[in-house]
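Residue numbers (the working numbering), protein chains in the order written: chain A, 1 to 114; chain B, 1 to 115.
If you're looking for bench data, these hints aren't it; they were derived computationally from the structure.
Please note that the accuracy of each hint is not assured.
[Claimed, not checked] Calculated lysine-lysine pairs in the BS3-like style (CA-CA distance at most 30 Å, straight line):
no., chain 1, residue 1, chain 2, residue 2
1, B, LYS3, A, LYS57
2, B, LYS114, B, LYS16
3, B, LYS38, B, LYS114
4, A, LYS9, B, LYS16
5, A, LYS44, B, LYS3
6, A, LYS14, A, LYS57
7, B, LYS70, A, LYS9
8, A, LYS57, B, LYS38
9, A, LYS44, B, LYS16
10, B, LYS3, B, LYS38
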Amino acid sequence: NAGVTQTPKFRILKIGQSMTLQCTQDMNHNYMYWYRQDPGMGLKLIYYSVGAGITDKGEVPNGYNVSRSTTEDFPLRLELAAPSQTSVYFCASTTRTSGNWGQYFGPGTRLTVL
Amino acid sequence: AQKVTQAQTEISVVEKEDVTLDCVYETRDTTYYLFWYKQPPSGELVFLIRRNSFDEQNEISGRYSWNFQKSTSSFNFTITASQVVDSAVYFCALSETSNTGKLIFGQGTTLQVKP
Chain A
1 NAGVTQTPKF RILKIGQSMT LQCTQDMNHN YMYWYRQDPG MGLKLIYYSV
51 GAGITDKGEV PNGYNVSRST TEDFPLRLEL AAPSQTSVYF CASTTRTSGN
101 WGQYFGPGTR LTVL
Chain B
1 AQKVTQAQTE ISVVEKEDVT LDCVYETRDT TYYLFWYKQP PSGELVFLIR
51 RNSFDEQNEI SGRYSWNFQK STSSFNFTIT ASQVVDSAVY FCALSETSNT
101 GKLIFGQGTT LQVKP
């Protein structure tokens, strides 16, 4: 199993550009999440999904969109990049087997908006 | 509202010292999960431990130990005989149980272990 994979690892965007951060997991997890980590801070939830076709907002959803057409993929879309979106983005997934909520994290995408 | 507080922003110790990282949480749920993650300088998040709210047994794993006390809403993490490789940011997190599994993270504690 590759676990949770994210692409790209690094990206520099200009203000106003758009991009999609890719996230894929091969563990057949129903639950997937996108977090952002600003410098010196903890992670904050952007969006999450409890299954294919179902998504919901987290704590900081403004400026982002998501979709979940398959169990494996959960892409995060930035439509009009702003400097405030400079951050490290982590995708995570989990399953509720045996009441276990332990989340598996991808390696992160470091995004800079200039 | 749920909240996780790690009051220690940075801790610096000399190798072989013991160090305790504090975590205090707030939740109205009666059933919940607590986690510790390590983020080394390379940036990835490494899962360390998960605890259920109904299991207050303290746990020891090698040089790591965890002290969970519901009465004080604390879930502290101790590293015994610290090593330079323990230098990292450590995050405490709380998972609600409303069928979403969302994690609420503390701000993190940066641990620097000097040789």
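Inset, instruction - Measure nothing beyond the straight line between the CA atoms of LYS44 of chain A and LYS16 of chain B; if it is 30 Å or shorter, mark the hint as holding. - result: Distance ~33 Å between LYS44 of chain A and LYS16 of chain B Cα, so the pair is violated.
Inset, instruction - For the pair we were handed, LYS44 of chain A and LYS3 of chain B, check the Cα-Cα distance against 30 Å. - result: 12 Å, holds
Legend entry - Satisfaction of hint between LYS57 of chain A and LYS14 of chain A, Cα-Cα up to 30 Å: Holds. LYS14 of chain A to LYS57 of chain A sits at ~25 Å (cutoff 30 Å).
Inset, instruction - Quickly compare the C-alpha distance for LYS70 of chain B and LYS9 of chain A to 30 Å and report which way the hint goes. - result: Cα-Cα ~39 Å, so violated.
Inset, instruction - Please work out if LYS57 of chain A and LYS38 of chain B have their alpha carbons no farther apart than 30 Å. - result: 26 Å, holds
Legend entry - Hint consistency between LYS114 of chain B and LYS16 of chain B [alpha-carbon to alpha-carbon, up to 30 Å]: 9 Å, holds
Legend entry - Restraint status (C-alpha distance of LYS9 of chain A to LYS16 of chain B at most 30 Å): 35 Å, violated
Inset, instruction - For the pair supplied as a hint, LYS3 of chain B and LYS38 of chain B, confirm whether the alpha-carbon distance does not exceed 30 Å. - result: 19 Å, holds
Legend entry - 30 Å Cα cutoff - pair LYS3 of chain B, LYS57 of chain A: 18 Å, holds
Legend entry - Restraint status (C-alpha distance of LYS38 of chain B to LYS114 of chain B at most 30 Å): 18 Å, holds
Consistency note: the structure conflicts with the earlier hints numbered 4, 7 and 9.
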